[in-house]
Amino acid sequence: MNAVNQMTTTQNESKLKGWIEKLFNSTDLGMMPVIAALIAIWIIFEILNPHFLTPRNLSNLSAQIVVTGTLALAETLVILLGMIDLSIGWSSVVAASVFSVGTVFFNLPVWPCVFLGIGASVVIGFLQGILISRVGVPSFVVSLGGAMIAEGLVLAMLTQHGGSVPLSDNLSTAVGTLNVPPLWSWVISLTLFAVFAVFSLRRHADRRRRGAGEAHTIVFAKLASMLVVLVIGVGLLCAYQGMPVLLVIFLAALFASAFLTKSTRFGRYLYAVGGNAEAARRAGINVRFVQLAAFTLAGALVGLGGLLDAARLGVASATVGDSDIMLNAVAAAVIGGTSLFGGRGSVYGAFFGALVIASVGNGMDLIGAPSSVRFGVEGVILLAAITIDTLLRQRRLRSGRA
Amino acid sequence: MNSASTHDLLSVKGLHKKYGAVTALRDVSFTVRRGEVTALLGDNGAGKSTTIKAIAGVAPADSGSIRLEGQEVHIRRPADATSLGIQTVYQDLALCDNLGICANLFLGRERVSGPFGLLRDVDMEEEARRVLKTLRVNLPALDTPVAALSGGQRQAVAIARAVLWGKKIVIMDEPTAALGVAQTAEVLRLVRDLAEHGFGVILITHNMQNVFEVADSVVVLRLGQTVMEERKSNLTPEAVVGCITGSRTTIGGMA
Numbered sequence: 124m125n126a127v128n129q130m131t132t133t134q135n136e137s138k139l140k141g142w143i144e145k146l147f148n149s150t151d152l153g154m155m156p157v158i159a160a161l162i163a164i165w166i167i168f169e170i171l172n173p174h175f176l177t178p179r180n181l182s183n184l185s186a187q188i189v190v191t192g193t194l195a196l197a198e199t200l201v202i203l204l205g206m207i208d209l210s211i212g213w214s215s216v217v218a219a220s221v222f223s224v225g226t227v228f229f230n231l232p233v234w235p236c237v238f239l240g241i242g243a244s245v246v247i248g249f250l251q252g253i254l255i256s257r258v259g260v261p262s263f264v265v266s267l268g269g270a271m272i273a274e275g276l277v278l279a280m281l282t283q284h285g286g287s288v289p290l291s292d293n294l295s296t297a298v299g300t301l302n303v304p305p306l307w308s309w310v311i312s313l314t315l316f317a318v319f320a321v322f323s324l325r326r327h328a329d330r331r332r333r334g335a336g337e338a339h340t341i342v343f344a345k346l347a348s349m350l351v352v353l354v355i356g357v358g359l360l361c362a363y364q365g366m367p368v369l370l371v372i373f374l375a376a377l378f379a380s381a382f383l384t385k386s387t388r389f390g391r392y393l394y395a396v397g398g399n400a401e402a403a404r405r406a407g408i409n410v411r412f413v414q415l416a417a418f419t420l421a422g423a424l425v426g427l428g429g430l431l432d433a434a435r436l437g438v439a440s441a442t443v444g445d446s447d448i449m450l451n452a453v454a455a456a457v458i459g460g461t462s463l464f465g466g467r468g469s470v471y472g473a474f475f476g477a478l479v480i481a482s483v484g485n486g487m488d489l490i491g492a493p494s495s496v497r498f499g500v501e502g503v504i505l506l507a508a509i510t511i512d513t514l515l516r517q518r519r520l521r522s523g524r525a
Numbered sequence: 009m010n011s012a013s014t015h016d017l018l019s020v021k022g023l024h025k026k027y028g029a030v031t032a033l034r035d036v037s038f039t040v041r042r043g044e045v046t047a048l049l050g051d052n053g054a055g056k057s058t059t060i061k062a063i064a065g066v067a068p069a070d071s072g073s074i075r076l077e078g079q080e081v082h083i084r085r086p087a088d089a090t091s092l093g094i095q096t097v098y099q100d101l102a103l104c105d106n107l108g109i110c111a112n113l114f115l116g117r118e119r120v121s122g123p124f125g126l127l128r129d130v131d132m133e134e135e136a137r138r139v140l141k142t143l144r145v146n147l148p149a150l151d152t153p154v155a156a157l158s159g160g161q162r163q164a165v166a167i168a169r170a171v172l173w174g175k176k177i178v179i180m181d182e183p184t185a186a187l188g189v190a191q192t193a194e195v196l197r198l199v200r201d202l203a204e205h206g207f208g209v210i211l212i213t214h215n216m217q218n219v220f221e222v223a224d225s226v227v228v229l230r231l232g233q234t235v236m237e238e239r240k241s242n243l244t245p246e247a248v249v250g251c252i253t254g255s256r257t258t259i260g261g262m263a
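Line by line, the protein sequences are chains A and B. Using the numbering used here, you'd call the opening residue of the first sequence number 124 and step up by one each time. Using the numbering used here, you'd call the opening residue of the second sequence number 9 and step up by one each time.
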């Protein structure tokens, strides 16, 4: 009897030990660390201030992640290549400045100004991409110079108007302040989920028919857990005023980026070039084009982020570029598990990373902590993320897998 | 010689290549037969890699001829070699470790549909499974990142990619250099299998034991020249080593 008990205990122990060993020996943890960190942060703030996890505060939080999140999507595209773009902060302000000057002082219609604003950031991304991909200048230096030029452009546009231009058009007011009513929030999100579920089930059935693929239970469990998260999220937001329009736009950008990076040939090339540029070149991939396209696409997302920020604040302001908008986006991408060494990570990581950054900021405000503490905590989280990334890379190098 | 010519798949004659003032290849000639493994041997600097690069189109030779199935071919770029059915497994494998097995097999030649270049993963996986089955290679799930594979498994992925895209000739540069005993045996079996499937295999190696295990014929280069081309059955390891190092100058009929 004793012997049997002992045996089962050892078996259980060895199973647990094996699982822990597997975790510690893993070379790619994906988004596990960021989700764990997010849960821990939410628990801590909820204990410190019970207002943290209320529908009202979560609604605020969901709007606070939008700008950092959109810029982090852009940064993720570039970091996946093993490069970096330090110009995204000022480039986003260029978009906002072009938009505000166009709508307020030239009285241009609002939609052309949206495209002009985003177009300005696209041009900045494209020109930087040319220098980086054709000439081979390191992206760090190119984007540092790009940031300075973008700052100059912003000052050239805004200084004569006192450094900031209040927006008055209907579109930015609507985007910056309105919520999608609860009923429509439910209709839109559940319809999108249904479409996604149908596609993934059809794909699963196709795969099973050809004698491969996961078990039915895994696929259903994945869909069910997604549905649960969706219902809780939308439910909380609808318990206040519905989904903020800002959030809806950000989620659209997120899903478009996810589709691009995970399901298309271009996305495959993005990961391939970031993982092993020489292998990609020998496989016939146009490495320079992929780099140029990534910086240009990042420019489009940066422009969108700049317009969303201006809509949220109701003003296009030069001081935004001086704030930590760029550093927050880089931090969000890295905290989300995207490796600065390239080839590993995902745009969903940028979403969770932005959520971590915004949660810390929001929670610190709620408990009335000074900025000094807030910066300290954010810095520690960023250092933890990059340390994990570096340790995992060293482990890959040791086992000859880098 | 004439009786064997129907089996001749690739025949290289008088390859010459200069890098600036340095003559890398003086006169390299040899023949690869269908369904056979041809070992390409030589000391460091003998011209093995340069010969391979000329055939793979990475660095074309200055003069000399390459005939594939009796037809003279001109290989100027890697794409030319690929379209002629010649694939190379490089020493560093040229795999993207962050991508899955299937993604690596189809890298640069993805099956896509629609205006966005939507990846047809299920089709690609099906074809990958078929190729891996004919090679009798056992690999984990096809979306497993290559980083998670052993050295032998990675080599198998690189070889499978060459088989998937090569139709006639597979060139392997030191495929067993970094492998353990069991993995080396597995890769050598793959090499043998490829020949039995009708490929002409060119195997570069320093390991004499490997040569005598799998090769059908042996070509030795020294200082950019072919100094021996002989059936394995007529050779001993000592004779081959002697020829590589230059302590013997003539073996059998070749000079």
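What the hints contain is simulated information worked out from the structure, not anything from laboratory work. Any given hint could turn out to be false.
[Claimed, not checked] So the derived label-pair ranges between C-beta atoms look like this:
1. Phe-319/A / Arg-197/B: 57 to 67 Å
2. Arg-197/B / Thr-513/A: 46 to 56 Å
3. Glu-401/A / Ser-73/B: 28 to 38 Å
4. Gly-254/B / Thr-513/A: 22 to 32 Å
5. Ile-341/A / Asn-146/B: 39 to 49 Å
6. His-82/B / Phe-263/A: 35 to 45 Å
7. Ser-158/B / Asp-445/A: 24 to 34 Å
8. Lys-385/A / Ala-185/B: 29 to 39 Å
9. Ala-193/B / Val-246/A: 28 to 38 Å
10. Asp-445/A / Thr-152/B: 19 to 29 Å
11. Ala-185/B / Arg-332/A: 50 to 60 Å
[Unchecked claim] Sample of chain B residues lacking proximity to chain A, with all beta carbon distances greater than 12 Å (derived):
12. Arg-117
13. Arg-137
14. Arg-169
[Said to hold, decoys possible] Covered, in the sense of this in silico footprint (three residues per stretch, anywhere, with C-beta under 8 Å from a C-beta of chain B), are these stretches of chain A:
15. 181 to 188
16. 406 to 417
17. 502 to 513
Here a beta-carbon is modelled for each residue, glycine too, at the ideal position from N, C-alpha and C.
Distance restraint hint 57 to 67 Å, applied to the beta-carbon atoms of Phe-319/A and Arg-197/B: violated (44 Å)
Falls inside 29 to 39 Å, the C-beta gap from Lys-385/A to Ala-185/B? holds (35 Å)
So does Ala-185/B sit 50 to 60 Å from Arg-332/A, Cβ to Cβ? violated (42 Å)
Minimum Cβ-Cβ distance from Arg-117/B to chain A exceeds 12 Å: violated (7 Å)
Supplied distance hint 22 to 32 Å, evaluated on CB atoms of Gly-254/B and Thr-513/A: Cβ of Gly-254/B to Cβ of Thr-513/A: about 49 Å, so the range 22 to 32 Å is violated.
Would you say the C-beta atoms of Glu-401/A and Ser-73/B sit inside 28 to 38 Å of each other? holds (30 Å)
Are Ala-193/B and Val-246/A spaced within 28 to 38 Å by their CB atoms? violated (58 Å)
Take the C-beta atom of Ile-341/A and the C-beta atom of Asn-146/B, compute their distance, and say whether it sits inside 39 to 49 Å. violated (22 Å)
Under a C-beta cut-off of less than 8 Å, do 3 or more residues of the region 502 to 513 of chain A approach chain B closely enough to confirm the stated coverage? Violated, because only 0 residues of the region 502 to 513 of chain A bring their Cβ atoms closer than 8 Å to Cβ atoms of chain B.
Take the region 181 to 188 of chain A, compare each residue's beta carbon with every beta carbon of chain B, and decide whether three or more fall closer than 8 Å. With 0 residues in contact (Cβ-Cβ under 8 Å with chain B), the coverage given for the region 181 to 188 of chain A is violated.
12 Å Cβ clearance of Arg-137/B from chain A: violated (7 Å)
Between His-82/B and Phe-263/A, does the beta-carbon spacing fit 35 to 45 Å? holds (43 Å)
Hint compliance for this structure: hints 1, 2, 4, 5, 7, 9, 10, 11, 12, 13, 14, 15, 17 are not met, and every other hint is.
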